[in-house]
Amino acid sequence: MTTPATTDTLTDRYVAAVLRHLPGSRRSGSRRSEEQRPEDQRPDIDIERELRASIADAVDGRVDAGADRAEAEFAVLTELGDPARLAAGYADRPLQLIGPALYLDYTRLLTALLVTIVPAVAVAVGLVQGLRGAGALDLVGDTLDAALTTAAHLVCWTTLLFAAIERVAGRVTAGAAGRRTPARRWTPDALPEPPTRRARYGELIFYTVAMVLFATLVLLSPVISTETDAHGAPIGVFAPWLWQTGFVYAFIALVTLNLAVAYAKHYARWSVPLAVAGTLVEIACPIALLWLAAGDRVLNPGFTQAAAWPQSATTWINTALIVVSALTIVFAVIDGIARATRR
Amino acid sequence: MWHVHDDDELLATHLQELRRGTVVLACLLMLERPDYGYALLDRLTRAGLAVDANTLYPLLRRLEKQGLVTSDWNTEESRPRKFYRTSDRGAALAAALSRDWDELDTVLRSLKGAS
Chain A
1 MTTPATTDTL
11 TDRYVAAVLR
21 HLPGSRRSGS
31 RRSEEQRPED
41 QRPDIDIERE
51 LRASIADAVD
61 GRVDAGADRA
71 EAEFAVLTEL
81 GDPARLAAGY
91 ADRPLQLIGP
101 ALYLDYTRLL
111 TALLVTIVPA
121 VAVAVGLVQG
131 LRGAGALDLV
141 GDTLDAALTT
151 AAHLVCWTTL
161 LFAAIERVAG
171 RVTAGAAGRR
181 TPARRWTPDA
191 LPEPPTRRAR
201 YGELIFYTVA
211 MVLFATLVLL
221 SPVISTETDA
231 HGAPIGVFAP
241 WLWQTGFVYA
251 FIALVTLNLA
261 VAYAKHYARW
271 SVPLAVAGTL
281 VEIACPIALL
291 WLAAGDRVLN
301 PGFTQAAAWP
311 QSATTWINTA
321 LIVVSALTIV
331 FAVIDGIARA
341 TRR
Chain B
1 MWHVHDDDEL
11 LATHLQELRR
21 GTVVLACLLM
31 LERPDYGYAL
41 LDRLTRAGLA
51 VDANTLYPLL
61 RRLEKQGLVT
71 SDWNTEESRP
81 RKFYRTSDRG
91 AALAAALSRD
101 WDELDTVLRS
111 LKGAS
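Top to bottom, those sequences are chains A and B.
When the letters of the first sequence are read in order and numbered with the numbering used here, they come out as residues 1 to 343.
When the letters of the second sequence are read in order and numbered with the numbering used here, they come out as residues 1 to 115.
Don't take every hint at face value.
[Stated by the list, open to error] Distance ranges between label pairs, derived from CB positions:
#, chain 1, residue 1, chain 2, residue 2, range
1, A, T341, B, R46, 54 to 60 Å
2, A, L274, B, D102, 33 to 39 Å
3, B, A96, A, D92, 19 to 25 Å
4, B, D6, A, R52, 39 to 45 Å
5, A, L109, B, A50, 29 to 35 Å
6, B, R19, A, P273, 52 to 58 Å
7, A, L95, B, T22, 20 to 26 Å
8, A, D105, B, D6, 46 to 52 Å
9, A, P273, B, D6, 40 to 46 Å
10, B, T22, A, T341, 38 to 44 Å
11, A, L114, B, T22, 41 to 47 Å
12, B, D42, A, P188, 28 to 34 Å
13, B, D42, A, L114, 39 to 45 Å
14, B, A12, A, G61, 24 to 30 Å
Note that these hints are calculated values from the structure, not bench results.
Glycine included, C-beta positions come from ideal geometry on N, C-alpha and C.
Work the whole structure out from these sequences, hints included.
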C-alpha cells in the first residue's frame, strides 16, 4: 500500500493542477494586479484553502465510514475528476471552442468565405499556371494545392477569431447566463428577400438585349472596322483564326444557349438537372473566352498594327478578359450553390 | 416501462435536464442555515438531491459572485472552513424560484389529470 507521505502529495498534486488552470493564479504565471492584492482576497488562495478543506472533509467522511485513508483520498480525488474541468468550473470558463450563441454566425461566415475565396484562388492560380504554359499535371496539382491551403487558412483563422470572441464575450457578459443568449436577436426581417418577378424580368430583358448586341457586333466585326488594308478592305478587330476555324460560330451558339438557360431559369421550376446544365452552360462561355485570351487568339494582330496600338495594349486586353472570365465563372458557381441551398 | 439499456441512458439524460435548475434552489433554501461545502454536499445527498462535488463547489462560488450567498471563513476549529449563507437577494430569488416550481407542479398535475 502507499505510505501517508506519498498520498499527501496526491492531494497536493491535485490542488496544484487545479490552480495551474485558474487565470491569475500565482502558479499559472500570474498577472501583476493579482500579485499586489492582499493574500486573503486573492481568489486562487481562497479556492486552494477551500478545496483543501473540502477534500480533507470528504476523506475524513470516508475514513469514518471505515475506509483506508489512502484509498479514501484516491476515491475522493477520482470523484472530483479532471482538475482542468474543475478549474474551468471555478473560472466560469467555457468548455467549448464556440458556443451556441456564436455557432450560427461562425458557420455562416465560414461558408461564405469558403464558397467565394477558395474558387477564386483556385481559378486565379490555374490561370497563372496555364498562362505560364505549365503541364496539365502541374496545373491541376498547383490549383488543388492552392485551394486546399486557402481553405485550411480560412478555417483556422475564422475558428480562432470566434474562439477568442467566445472567451472575451463570456467574460464581459459575466458568465454562463450571458453566454447562452445569442448576441444579436433574430427577427423575421433577417429572412432573405426573394427578388420580385418583375425586377428579375427586367434583368432578363437587359441580358437579352446585351447578348444580341454582342453577337451582332462580333459577327459584323470583319466587315465593319476603323482600319483598312492597302486595297481598302476592312481589317477585323478580332483574330481571323476565329473565323477560319469556325470557333466564333460555336461561341455565338454558346451565347445563345446562355440566353435559353436564362429564360429556362425564369420560367421553369428549379430542378437539379436544369441547375447543373445551366451552370455548365454559364461557365462554358467564360472558359472559352479565357482559353482564347490566354492563347492570344482574341485580337487580330493585323488590326493592332494598323491601328498602331502598343504591344502592351494586347497584353492588357487579354489580362482583363481573363480576369473578367474568371470572376464570371466564380459568380456563376456561387449563384448555382445559392439557388440550390435556397430550395 | 424502462427495460432496455439504451432507455436507461435516455432516462438519465432527461432526469439530469429536469433536475439541473433545482440544485440552485435547494442550495439557496438549505443555506438559510450557514454551512460549508462538504457538509452541504452531504445534506443534499441525504435529502435525496445528489450533486457531484465538482459541480457544487464551483456553483457556490458562482452564487457568491452573483450576490446570492455570502461567505465567511470560520477559523475557530482546527480545520478552517468557508461557510456560505443565503443573502437577502438569494432568499428573494429562492422565493421566486419556489413560486415557479409550484406553478409548474400545478400545470403538470392538471396536464396529467386532463390526459
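Just pull the numbers of the violated hints for me, sorted ascending.
Of the numbered hints, 2, 5, 8, 12 and 13 do not hold.
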